[in-house]
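Using the sequences plus the hints, can you model the full thing?
Residue numbers (this note's numbering): 1 to 125.
Treat the hints with caution; some may be incorrect.
As the list claims (entries may be wrong) - Taking lysine-lysine pairs in the DSSO-like style, the calculated list, with each CA pair at most 30 Å apart, reads: (1) LYS116 with LYS93; (2) LYS24 with LYS116; (3) LYS2 with LYS24; (4) LYS93 with LYS58; (5) LYS58 with LYS116.
Keep in mind that the hints were calculated from the coordinates and are not lab data.
In this text the structure is predicted, and so the values were computed from the model without any measurement.
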Amino acid sequence: MKLLHKVAVDYLMNNVTTEIQLLKDAQESQRNTFHVLAELSLPTHVYMIFVYEEILLKRRDMLENILQEFRFANQPDILNRLGRLEEEELNDKNATVQIFEDIGLNYVRQFVFFIKNQTSKSISI
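Set out below in structure tokens:
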């Protein structure tokens, strides 16, 4: 029982890694996308992967903004609509992108551009 108490106290006394610190460490060490998203309790949705790999790892925005994007996008309805963007099921992408931007998502335009580039690369191969 004393050992269990000691382990519990040691655990609680250790510095807790904040989400920002986790992102900073991941950025510096180029950690695996899937491991970091899991540690943040985020789904491995194509948009989350895009934000991690194209925005975070390439240092295209501040960590606080990236974390805010993760939190905001982590809603089933938003992720579903973002997935439809990726699957090209939407007729007017510009209007849809504007709606996402109006509700606070910052990287949707880059996401659409990224998807188009990936699609053109795979078609030309």
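Decide if the proposed pair is consistent with the structure: LYS93 and LYS58, CA atoms, cutoff 30 Å inclusive. holds (25 Å)
Take a quick look at whether LYS24 and LYS116 sit within 30 Å of each other, Cα to Cα. Holds. LYS24 to LYS116 sits at ~29 Å (cutoff 30 Å).
Hint check: LYS116 vs LYS93, CA-CA at most 30 Å. Holds or violated? Given pair LYS116, LYS93 holds - Cα atoms ~12 Å apart, limit 30 Å.
Satisfaction of hint between LYS24 and LYS2, Cα-Cα up to 30 Å: violated (36 Å)
Please verify whether LYS58 and LYS116 have alpha carbons no more than 30 Å apart. holds (19 Å)
When held up to the earlier numbered hints, the structure conflicts with hint 3 and nothing else.
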